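Undergrad: Below are the chains, spelled out letter by letter.
Protein chains: 2
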Amino acid sequence: MSEFELIARLRRRLGGIGADRLDLGIGDDAALWRPGPGLQVAACCDTLVQGRHFPDGTAPYDLGWKALAVNLSDLAAMGARPALALLALTLPGDPGEAWIEDFCAGWEVLAQPHRLALAGGDLTRGPVLTVTVTCLGELPPGTALRRAGAAVGDGVFVSGTLGDAAAALALWPRRAEPSLAPLLARLTRPTPRLALGRALRGLASAAIDVSDGLLADLRHLLAASGVGARIDADAVPRSALPEQLLGADAARACALAGGDDYELCFTVPAARAEALQAAAAAAATTVTRIGSVVAGPGLEVVDRDGVPVSLDRAGWDHFRA
Amino acid sequence: MSEFELIARLRRRLGGIGADRLDLGIGDDAALWRPGPGLQVAACCDTLVQGRHFPDGTAPYDLGWKALAVNLSDLAAMGARPALALLALTLPGDPGEAWIEDFCAGWEVLAQPHRLALAGGDLTRGPVLTVTVTCLGELPPGTALRRAGAAVGDGVFVSGTLGDAAAALALWPRRAEPSLAPLLARLTRPTPRLALGRALRGLASAAIDVSDGLLADLRHLLAASGVGARIDADAVPRSALPEQLLGADAARACALAGGDDYELCFTVPAARAEALQAAAAAAATTVTRIGSVVAGPGLEVVDRDGVPVSLDRAGWDHFRA
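Residue numbers (the numbering used here), protein chains in the order written: chain Z, 1 to 321; chain V, 322 to 642.
Hints in this document: simulated from the structure, not taken from any laboratory.
Treat the hints with caution; some may be incorrect.
[Unchecked claim] Chain Z residues, not near chain V, derived (Cβ > 10 Å throughout):
id	residue
1	Asp20
2	Asp23
3	Asp28
4	Arg52
5	Thr58
6	Leu84
7	Glu97
8	Glu108
9	Thr124
10	Thr134
11	Ala235
12	Ala250
13	Gln277
14	Gly306
[What the hints assert, rightly or not] Taking CB as the label site, the calculated pair distances span:
id	chain 1	residue 1	chain 2	residue 2	range
15	V	Glu621	Z	Ala181	53 to 63 Å
16	Z	Glu177	V	Ala340	50 to 60 Å
17	V	Ala605	Z	Val152	32 to 42 Å
18	Z	Arg11	V	Ala506	27 to 37 Å
These numbers come from a predicted model, not from an experiment.
Where a beta carbon is used, it is the ideal one built from N, C-alpha and C, also for glycine.
So here's chain Z without its partners, still in its complex pose (with noise of 0.2 Å):
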């Protein structure tokens, strides 16, 4: 396929998802969009690229799915509604019409239930392949969760489980085996936390995805707020299947430091508590607290008896990996 052929598929498989949003979508040299009226734009961008952030073998269903997921899982980090995408796609050559209409299927399963659009991007040729998304959101001026904003006091939470994502990295090469597909998908397909996020705002005083590993991530967000926290490592909310496979330690050492499960960290004043249980129920998303936010830099680590937790893993730097 040509390069325009390639763009006319993408067009016709997944252009009409929340078409209506756009004045102008894939076809000219902008697309052209407007945000609701009063509405503040959120826009995020993020690479990925074969052989780091996805095993080979990632199965392009799954790709176009994490490639969108991961996107989306910035704009739930900061309460925003997704609008659109741009989609960069860098391909080693032809991929087949097959491998075009896995990726569009994955890609259109987080797209459809968002209606959002898929408003423009490039196709290009080049020796590794590599999907850079860029998201556009919204939402009311002032309501954006950031990560500046935690005091001391707050709650420190987390969504869902973390974990099942390095799991499955580290079990990669058994991944034929039907036991596994549980942490597979968390892996290639992780569930970005829109409800949520919209949620949170007016509740959280701080968030962030977690994307490279709760420690890494947690720690930007204290950094960025000017405090520290002291969490409990067994807190930490895990699904049973790590364990299992990787035993207790390898297992707590994925939840703290593992990355990729696109979670939502943060922060939650002690007033808000309650009304944080009732907004993780409206989003139907689980929520647990895992800490406190404390005076001073740095996070501390501590399991159920308050002994501190070493680590040798205090996440994940894209450049040392």
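Based on these hints, arrange chain V on the given structure of chain Z.
TA: For chain V alone, coordinates are given in the frame of chain Z:
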């Protein structure tokens, strides 16, 4: 440098430009921005891959310039005013401080006059240097220059001169020769025609930027408009150097089919020809009439005597080049 050191450097170096236009810039999960009251958002995205879209040996200054320029050119072709950019940079290793400084310097020269804010992006590692830039601009609703809109009898125009960038690429092995500097600058530091693009609002019936080659891009415009055109190959404005260095035939081929010039190609109704000249003068950009829009599909290229010109290279399809 780690990912976070690189981000801190980009933020320090470029984060000040147009910062007052953003509600929230680099350093959170997404940037926050409000377009001017009642304005429409134009969004576009372009990827440059080393070895395909810029030759090995391209200076980081030129890459910083060009990655932004090709996107600003898309905004110019819509008649939009640039507001912000997101930068997704994939690097094969630690680029070093000098590289980042030079990249930023090239970016800055283009960004500063437009107060274009670097709002965010993503830094990743991958085997091939790849730059994807997303630009957002703004314009009054209903004023965008689209590819559709050209009508029979309209004049076909281009800005500046065409073919210099393709000539420079053909002469790339001789790039150290001082006499080639003006050509090389057209390839490595193209000038997006932003002032002209805005001046064409209300005048041009259709517009596109010339990135893949005049004939290929004009064909896109004609197809979107449902019309044809007849152009005079000898009327296409060219600088003197390509003919001196490559001969008359090659120079003409560069002007007709060579890419990377980032001039504008547009159509204007006869009744607005005078207003066009005034607008071009106000934008300090030369415009040249190269032909006319005709009924029916297709693009006819003739020489100054009206003899059809045969071309062995109709344009540039990234997936076949």
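Undergrad: Now look at each hint and say whether the structure bears it out.
TA: For each hint, the structure was consulted:
Against the 10 Å criterion, Asp20 (chain Z) stays outside the reach of chain V, whose nearest CB is about 15 Å from its own CB. Non-interface status of Asp23 (chain Z) relative to chain V is broken: a Cβ of that chain comes within 10 Å, the nearest being about 6 Å off. Not every Cβ of chain V is farther than 10 Å from the Cβ of Asp28 (chain Z); the closest lies at roughly 5 Å, contradicting the non-interface assignment. Non-interface call for Arg52 (chain Z) relative to chain V: violated, since the shortest CB-CB distance, roughly 6 Å, does not exceed 10 Å.
No beta-carbon of chain V comes within 10 Å of the beta-carbon of Thr58 (chain Z); the shortest separation is about 15 Å. Not every Cβ of chain V is farther than 10 Å from the Cβ of Leu84 (chain Z); the closest lies at roughly 7 Å, contradicting the non-interface assignment. Every CB of chain V is more than 10 Å from the CB of Glu97 (chain Z) (nearest about 14 Å), matching its label as outside the interface. A cut-off of 10 Å between C-beta atoms confirms that Glu108 (chain Z) is not in contact with chain V; the least separation is 20 Å.
With a least CB separation of 5 Å from chain V, Thr124 (chain Z) falls inside the 10 Å interface cut-off, contrary to its annotation. The claim that Thr134 (chain Z) lies off the interface is violated: its Cβ sits roughly 4 Å from the closest Cβ of chain V, which falls inside the 10 Å cut-off. The non-interface label for Ala235 (chain Z) is consistent with chain V: the shortest C-beta to C-beta separation is roughly 24 Å, beyond 10 Å. Listed as a non-interface residue, Ala250 (chain Z) keeps its Cβ farther than 10 Å from every Cβ of chain V; the least gap is roughly 25 Å.
No beta-carbon of chain V comes within 10 Å of the beta-carbon of Gln277 (chain Z); the shortest separation is about 24 Å. Distance to chain V confirms Gly306 (chain Z) as a non-interface residue, since its nearest Cβ pair spans about 31 Å, more than 10 Å. Range check, Glu621 (chain V) to Ala181 (chain Z): Cβ separation about 59 Å, and the 53 to 63 Å hint holds. Between Glu177 (chain Z) and Ala340 (chain V), the C-beta spacing of about 51 Å keeps the proposed range 50 to 60 Å intact.
Between Ala605 (chain V) and Val152 (chain Z) the C-beta distance comes to about 57 Å, which lies outside the given range of 32 to 42 Å. A hinted range of 27 to 37 Å for the beta carbons of Arg11 (chain Z) and Ala506 (chain V) is consistent with their spacing of about 36 Å.
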